[in-house]
Structure formats: C-alpha cells, structure tokens
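All chains, please: the whole structure from these sequences, using the hints.
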Amino acid sequence: AIGTTLRDEETATQTPSPEEEVTLVDVVKYENLIPGREYTVKGILMDKATEAPLMIDGEQVEAETTFTAETANGEVDVTFTFNAKGLAGQEIVAFETMYQNGREVAVHTDINDANQTVHFKTPEIGTTATDQNGEKELNADNEVTIIDIVDYKELIAGKEYTLQGILMDKATNAPVLVKGEEVHGETTFTPENADGSVEVAFTFDASDLYGKDLVVFEKLMRNGKEVVTHEDINDKGQTVTIKTPEIGTTLRDEETGTQSPSPEEEI
6 AIGTTLRDEE
16 TATQTPSPEE
26 EVTLVDVVKY
36 ENLIPGREYT
46 VKGILMDKAT
56 EAPLMIDGEQ
66 VEAETTFTAE
76 TANGEVDVTF
86 TFNAKGLAGQ
96 EIVAFETMYQ
106 NGREVAVHTD
116 INDANQTVHF
126 KTPEIGTTAT
136 DQNGEKELNA
146 DNEVTIIDIV
156 DYKELIAGKE
166 YTLQGILMDK
176 ATNAPVLVKG
186 EEVHGETTFT
196 PENADGSVEV
206 AFTFDASDLY
216 GKDLVVFEKL
226 MRNGKEVVTH
236 EDINDKGQTV
246 TIKTPEIGTT
256 LRDEETGTQS
266 PSPEEEI
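Just add 5 to wherever you are in the sequence shown, counting from 1, and you've got this note's numbering.
Do not take every clue at face value.
Quick list of in silico lysine-lysine cross-link-like pairs, DSS-like style, CA-CA up to 30 Å [to be verified]: (1) 241 with 53; (2) 158 with 241; (3) 175 with 224; (4) 230 with 175; (5) 158 with 53; (6) 224 with 158; (7) 175 with 158; (8) 248 with 90; (9) 141 with 248; (10) 158 with 230; (11) 217 with 90.
Hints are computed from structural coordinates only; laboratory data are not their basis.
Quick look at the structure:
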C-alpha cells in the first residue's frame, strides 16, 4: 500500500508560486514491501479540473524514483520539476504507481485526495503613478521624480523579489527616451506578508517631454525570472502627464499704464 503527500519544495507548502521553474516533491509512504527488493515509483501530475494529465509545452509531467526497500514500511520522494508559468489558480494532483520487476504492486490515484494536491497561487500587481506630492500632472522640469506605488498580492513571504519598471510614451506605445536613453526604475524587496505594497522611483529630465502622457510598465522578478507583469498602456492609474508650459501677456500703453492709448505720432 502507498499514500502520498505533495508539497512545493521551496516553501514546504501546498501553495506554490506559478513560476518558470517549480519543483514539487511527493513523499510516498509505503507499507508491506519486501526488504531488500528493488521497487520503482512512477508519478504523473494531473489537472484536477479536467482529470486529465497536466500538459506543459505539449508534454506530460512525469517523474520516477527507483529504490531498494530497507524495511517493509518507509517512505521515498518523487520529484517533479517543470515550468509552471501558466498555472496560476490551478489545482494539480500527483498520481503514483509502484512497480516491482515491472509488475504493478500498488497505486494511489485519487483526484480528490487533498494530500496529493497543490493549489498554485495567483500573483498580481497593480500600480499607481504620481509625482512626489501625489499629483498626476508634472511640470516639464529638468529633474522630476515619478513614484509608482505597486500593490502586490499572493507573493511568497520572506522571499526576495525585484520590481523592474520602464516609462512608456502612451502616444507611441514605445519606451520614453531622454537624451537617447530609456527611463528605468528598480526596487528589490522582501515581503513580510503575501499582500502589500512597495514604491519604485523614476527620476529624469522632463524638459523636452511637455504635453506627453507617460505610462509606467512594471515587471516583477524573482531569481532572475519573471513572475508577473502590469503593462497596460491605457491604465489611467499607471499614467502621468507632463504639462505644457503656458504664458500669459498683458499689453499696456507705456505713458498712461492703460489699455487705451492716444493715437499720436509716437506711442
């Protein structure tokens, strides 16, 4: 007989983050084996919603472990490593089958077994860009600073993340260029809780950007790999406007100080 417990290797929880490389460890507990005999445990990951094998890049996610039982009862790990980038919010179940000399001797394939199941987190970020005073309209000064407040949800507490931001020109949907260079901001942080907020600052010369709408795009990274992005060129929360300088004039008669001069030869 076998029973299994599936966990995320990094966090030891049943709520892994859907990242480019995830490792799940299925601890297979066995009973009544024959000590000294060699056994193989073969596992496959299943999509709970469809009750069909999980497919990643057109391939099933499988793993196996061969071991020699030292005692009749014990446990062995089966490790699955795969790209989980598209699995946010999904439940995945591990099915295991044990073989001895090519013959099936035990199976544990219960799609509703909570211990065999992990639920992938749904990381999210949303941003609000303003100047340092909370205003959405900025003067076209030689040095301005945009503060992007990034709200995040369902991260892994205690793990280091990096937010990488870039300013985009809304009219062209291309990066803003200042003296030929893109404008970037970056913040590295370790969340104490799964949900929270952090700031990313962008300081640059806006003197040639008057009249433009600038949009902040953000990318959340961990271990050098993308976790989630927030890149909506039409998101008003991510947008600030560089004001167009204005001038006002008042015309007066020099002699009288009024706007009604006398029609003389020289005024």
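Hint check results:
1. In summary, the hint linking residue 241 to residue 53 is not supported, as the alpha carbons are separated by about 38 Å, beyond the 30 Å threshold.
2. Using a Cα cut-off of 30 Å, the hinted pair residue 158 and residue 241 holds, with the two alpha carbons roughly 20 Å apart.
3. With a CA separation close to 18 Å, the supplied pair residue 175 and residue 224 stays within the 30 Å bound.
4. Taken as a hint, the residue 230 and residue 175 pair is honoured in the structure, with Cα atoms around 27 Å apart against an allowance of 30 Å.
5. For the hint linking residue 158 to residue 53, the alpha-carbon distance of about 24 Å falls within 30 Å, and the restraint holds.
6. Restraint check for residue 224 and residue 158: satisfied, since their Cα atoms lie roughly 14 Å apart, inside the 30 Å limit.
7. For the hint pairing residue 175 with residue 158, the CA-to-CA distance comes to about 26 Å; that is within 30 Å, so the pair holds.
8. Pair hint residue 248 plus residue 90 does not hold up; C-alpha atoms about 40 Å apart against a cutoff of 30 Å.
9. Taking the CA atoms of residue 141 and residue 248, the gap is about 10 Å. The hint holds against a cut of 30 Å.
10. Taking the CA atoms of residue 158 and residue 230, the gap is near 18 Å; set against the 30 Å cutoff, the hint holds.
11. For the proposed pair residue 217 and residue 90, the alpha carbon gap of about 35 Å is over 30 Å, so the pair is violated.
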